[in-house]
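With the hints as constraints, model all of the structure from the sequences given.
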Amino acid sequence: MSIFVDENTRVVYQGLTGSQGRYYGLLNRDYGTQVVAGTNPRKAGTDVDGVPIFATVADAAAATGATVSCVFIPAPGVPGAVLEAAEAGMELVVVITEGVPAHDEAFLFNKLQRDHPDVRLLGPNCPGIISPGKCNIGITAGHIAEAGGPVGIVSRSGTLTYQALYELKQQQIGVTTCMGIGGDPVPGTTFVDCLAAFEADPETRAVMMIGEIGGSAEEEAADFIAEHMTKPVVAYVAGVTAPPGKKMGHAGAIVSGGKGTAAAKMEALTSAGARVGQNPTEAGELMVEIVASL
Amino acid sequence: MDLFEHQGKELFARYGLPVPTGEVAFSPDDAVAAASRLGLPVVVKAQVHTGGRGKAGGVKLAADLDAVRSHAAGILGLDISGHIVHRLWIEQASDIAEEYYASFTLDRSARKHLGMLSAEGGVDIETVAARDPDAIARIHIDPVDGLSQPACRQWVQAARITGSAADAVADVLVTLYGAYVDADADLVEVNPLIVTSGGDVVLLDSKVTLDANSAFRHDDYAQYDATQTRDEREQAAHAKRLQYVGLDGSVGVIANGAGLAMSTVDVVNQVGGSPANFLDIGGGANAEVMAGALEVINNDPAVRAILINIFGGITRGEEIANGIIEATRRVDIDSPIVIRLDGTNAAEGRELLEPHLGGALMMEPTMLDAARRAVELAGAAGGQVQP
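Those protein sequences? They're chains B and V, same order as listed. FYI, the numbering for the first sequence is 1 to 294, going by this note's numbering. FYI, the numbering for the second sequence is 1001 to 1387, going by this note's numbering.
Everything hinted at is true.
Just some of the chain V residues that point at chain B, by a computed CB distance under 7 Å:
hint	residue
1	D1142
2	D1211
3	N1256
4	A1261
5	F1311
Simulated from the structure, these hints should not be mistaken for lab results. We treat Cβ as the ideally placed atom computed from N, Cα and C, and that holds for glycine.
The following block contains the structure:
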């Protein structure tokens, strides 16, 4: 089994007519994802390589039965796009867009929680979600992921996620679902949300989580692991040597006021019983060991 | 994006918040002229993107124009925690009866805005927090609701701010929260927020950090961007729109993706080296971006070896290899380059790189091997390698 998305998931792409949306949307379709619609209020009635374009997500959902949206809209339009998707009844909204203001993210998170508590937002600034062999939504290179199980992956970083998928594939270790939660200060979906879903998924038998400096999402994950996870967790945290006060590429990757250091996160995860790798390769090796012992 | 104190105060003033009148000065002559216009006494304040100015001698009261001149001359050029003072803010001195502390920032863990308020202002808030945590009143503000007048009054009370100015303080805080939201600030801190002996509430200092991601809706951000503190390397990288952070080691680092770039910097340290920088060239890794990255790193005199760590996802290994080959043709590189290329079509990419190897360009199969090689080369070239 996979979490959040599978072969039956029908996806509408907000921004399918843009260059990024078109490129990745069609790649996702080639992978096997059910890319059933795109939206653009000015291009309703047209199509992108056979994928019909609707004026709104609501129209697209009514015509195609889409329940998941993937957003490739430029940052200024993201809050509007997400709320539109939520109002149209989407269960999951995946936002790939980078550069969304933190105030917009904080507003969106609270607005969704209040008015659309059943809608899951993944991202912004994330690579998306892939249930290998079933469904790939976003910008992950599908072919580097081995389908099946027993590993679930959740990560704040795109390239480190690809690296993890790739290393597991080299060892013929399959992945149930791999999710990028994004590198921004207020992600819609957290490590804890994903850990809980993996814990509940019978096919996922071990979880790899890839964190980085900034915020306290890894510490919260550590608390969850200690209290609720029966499945083994391998963790890696990037940014051990990052200087304080500097944003390391991601808007949320910043050590401020001595808080959010990689050392503190690794310590918390270790205390919670997770196996912590010192670098991505070591984390991969730890996972190989664990899978062998399952 | 950090603002100077005066920029923060000018921003506050645009929202109708009470700040002292002042002028920017770049020389003692400027400072004297400004003081003559403003009227004495004035305070001469260093404008730097760091705290601790008072202790470092960067803030002085001047009762006459001679004092203005000598203080300005003394403060300009001062080194405050590595920040050299190039500009001053000359402002009318205030008559302080009470000093409070106020700030707004985003609490990432609560996913709400966090206001902090204390009746004990004018000193380092960390010190207050350590001595008496109860002296700081915290309020979580839902971004959808904002900060209401009644909630703010309760917050002021909780902070032990009493007396006739309490309502005026609450009004100022509601407006300040509005400014924090409207300006898309990561942080707004006022320390001290004062009440004068005449009972007026004044924002006597400002520390404002803005979210660069919201520049698209703020015309004034360009002017703040121009006054950011960046070293030469960071300036060059910023001009090329590269995600770069300067560090003080000898191994130049280029990687694709923020996580992988952070991880590469970590691994260089783990194998005993010291990175010269963090540099994320993004997912594509095409020749143009790669050439720009190599240029920036090559201009760093501390760099003794360069480590290129690329993982191909949707971008294929051949494209990445061609990008690296083309970039090394365009830029005349002084240091040896170690490449680690993995991911999609890595074998094909490595095959393309093969004929170019030898001499200053080399390749290693893994991230750890590549880091070890780069660190070794940096050491051999006279760079500092830690045991």
